[in-house]
Amino acid sequence: MTAVKKRLQNDSFRHYLKSLKFSLYTMRRPLDGFWDLIHEKRGSMAAAHTIVITFVLVQIVYLTQSNFWWIDIPMESFSSLIVVLNIVLPILLFSLANWCLTTLFDGKGRIRDIYMGYAYAMVPQLLIRAAIVPLTFILTSDEVMIPIMLSQISNLWFYILILCAMKQIHDYTFGKALLTTIVSLSAMGIMVFIFLMFFAVVSDGMAYFYSLGQEILFRIRRG
Amino acid sequence: MKKLCCFLLAAMLLAVPFTAFASGPTNFTYTYNQWHTPIPSPDAYRVTAYILGQHLYFNGENLGQFREPQDLHAHGNLLYLADTGNDRIIVIEFFEDTTWEVAGVHTYAMLDGEPTTFDRPRGVFVSDWYGSYGEIWVADTHNQRVLHLDADWNVITEIGHPGIYVEDVRSLLPYYSDFLPAKVAVDFSGRLFVQALHINRGLMEFDRDGTFAGYMGAPEVVVTPIDQFFRFIATPAQREAMILNVPVEYNNLHIDSQGFIFVTTSQEDIEFPVARLNAMGEDIMIRNGWYYPIGDLWWGAGADRSGPSEFVAVTTIPNDIFIVFDRNRGRLFAYDSQGHLLYVFGGPGNREGFFTFPTALTNMGFTLFALDGGHGPNASALTRFDLTEYGELIKYAFDMYQRGLYEESYLYWNEVLRINGNFGLAYIGIARAHLRMGNYREAMRFFRLQSDTLGYGRAFNFYRRIWMEENFWIIASGLGVLIIIPPVVKTIKKLRKEINES
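If you're matching them up, the sequences are chains U and G in order. Quick note on numbering: my numbering labels position 117 of the first sequence as 117, and the sequence is numbered without any gaps. With positions in the second sequence counted from 1, the corresponding number in my numbering is that position plus 223.
Next comes chain U alone, as it looks inside the complex (with noise of 0.2 Å):
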């Protein structure tokens, strides 16, 4: 007891929890709450992993617990591995686009700023995805367009914060924000196409050279 009470104490820990709330208010006051975020140090690093993990475990029990019409996936053919990497990887190539962008372009941020403004612009499609999965229990199939129209509004939502989270971390202008976001998105997009590349060319020298070791080893041995 005296150890939770010491914890609570702590300072540190006070901030994580503070900065966990913080989130709330970003997203009802997103111009305010980003430029809080990260020039009066409101926000953290660790909630911003505790966010991204939520929403990870979110989407893997709203992929596999909604009811089914709803949503309706083969179990033998689910895969959480892949939904942590269809989650994680674009955050973190999105923020290594849009700070190499951006860097570029005057911008302030730096790569975890960005990281953590990605984040706390999750937090309301966390939260909407997380009440469908109870209510697809509660609504037929009948009232299907109230969860669509939840989760296109979680959606909007989304980008309108990633939107004000770009102008407020990096102080642009909401156009500079627009256009440096869709740059970056097609930066991830050559990102991904290098990386594919860079493996592809790896691997075929890796065959290259296995296979002339091994006609040297033939030719060894057969004297």
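Please note that the accuracy of each hint is not assured.
Stated by the list, open to error - Now the in silico label distances, taken between C-beta atoms and shown as ranges:
1) U/Gln152 <-> G/Tyr514: 27 to 35 Å
2) U/Gln152 <-> G/Gln625: 40 to 48 Å
3) U/Met45 <-> G/Pro448: 31 to 39 Å
4) U/Met149 <-> G/Phe589: 29 to 37 Å
5) U/Ile53 <-> G/Arg668: 42 to 50 Å
6) G/His259 <-> U/Leu57: 28 to 36 Å
7) U/Val192 <-> G/Ile689: 31 to 39 Å
8) G/Glu665 <-> U/Met197: 54 to 62 Å
9) G/Pro448 <-> U/Gln152: 39 to 47 Å
10) G/Asp527 <-> U/Ser151: 46 to 54 Å
11) U/Met145 <-> G/Tyr514: 24 to 32 Å
Calculated directly from the structure, the hints in this document are not laboratory data. Only a predicted model underlies this, so the values are computations on that prediction, with no experimental measurement involved. Even glycine gets a Cβ: it sits at the ideal position worked out from N, Cα and C.
Assemble chain G onto chain U, guided by the hints.
Positioned in the frame of chain U, the structure of chain G alone reads:
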């Protein structure tokens, strides 16, 4: 001596009684589940007879091999077989004890007292309808005519080339193209429908007296904007070389017991290779299954065969199940009236129950007759399929459900599941029975097993309403408490604050 031996052998063959539930080799029956995955199933149909032409005798004479037989039609217990390559129509009578006998071999019909021979007849139809019962229609293909015969093979009308030279060739068949009738069918009002070779404007329709009434049922040609764009930018020479965007050509037709016309087409990349047309020629087939009735869903190449199924024949068995015959892989696909796949059986090959070149399919009640028109010696054969115990159970379950006897159908569906736990429709059947009997919770459980969204929604609606009615007071009081508590708390807080301040 040789002849006598043959005769004795044939007599022996004819005398062998066949049991109702054949226990022959399996047909490798399977079905597709809701995830489009093929899963094995017990046999619903098994081969009970495999008849080659040389097995048949008429007036002591061997009929010899069939040559490219093209059509089958069942009328009562008579089976009419168009033995196209031999220019004859064979009538085989099937008896209750599953033996058979040739009842007639027809190479000609009597036209005004003179015999007129058939030339490669590709189709035969015998009317079951009141008013024309027992009358015969023969598609006498190479003579370019359809013969309307009475039950004694005397010509009533000879329907020849309907062409009249007019400017507008859209509505008629021009003289310079051949009239090659292949398959014929007649509806209850005596209207004749002809599927002719090389005609892609649908079926040709003739009045009762044999006058040409026009084309019907041509499927609409869909021109995509992309097609239009490429056609727009192409040079005239390129445009000439492009594949013409023409409607599909039907290759078979069948009239069901309600007078609707089933048509099949083997053209590739078609969304609806089997359709059910009404009198206006509109497709009224119900397609509520997990996939449209297109035959095989897995098109992997194997044994020299690839690509989609090519339907060449269709028939309907009495409880509104229709069965289509696939030429590509020699398989038979059974769908119920709602378009759910029941079972698939048959396959490519030379063994009995397998086919090299399927041409026709018909049924006598629940007994199926499939015709293999393969080229070469011993390739053309007539195969008879009968229901197995499993097939009978499915049949009874459907019967009971359609008659509204839900509890009985429930029992039969349970029996089906005992034999084959992978039969998806049984779960839906049980769920529907539960729904009708008012066990909404159970109905939901079974609908869920098959991901039947609509059925689940219906059952859940009832369940939710009943739950709300039963727990109305709990919900109402809960809501009331939720409404009352916040103001109460607020006032208490306010009072405390005031007390503290004062």
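Results of checking the hints against the structure:
| no. | hint | result |
| --- | --- | --- |
| 1 | U/Gln152 <-> G/Tyr514: 27 to 35 Å | holds, 28 Å |
| 2 | U/Gln152 <-> G/Gln625: 40 to 48 Å | holds, 42 Å |
| 3 | U/Met45 <-> G/Pro448: 31 to 39 Å | violated, 50 Å |
| 4 | U/Met149 <-> G/Phe589: 29 to 37 Å | violated, 50 Å |
| 5 | U/Ile53 <-> G/Arg668: 42 to 50 Å | violated, 34 Å |
| 6 | G/His259 <-> U/Leu57: 28 to 36 Å | holds, 30 Å |
| 7 | U/Val192 <-> G/Ile689: 31 to 39 Å | violated, 52 Å |
| 8 | G/Glu665 <-> U/Met197: 54 to 62 Å | holds, 56 Å |
| 9 | G/Pro448 <-> U/Gln152: 39 to 47 Å | violated, 27 Å |
| 10 | G/Asp527 <-> U/Ser151: 46 to 54 Å | holds, 48 Å |
| 11 | U/Met145 <-> G/Tyr514: 24 to 32 Å | holds, 26 Å |
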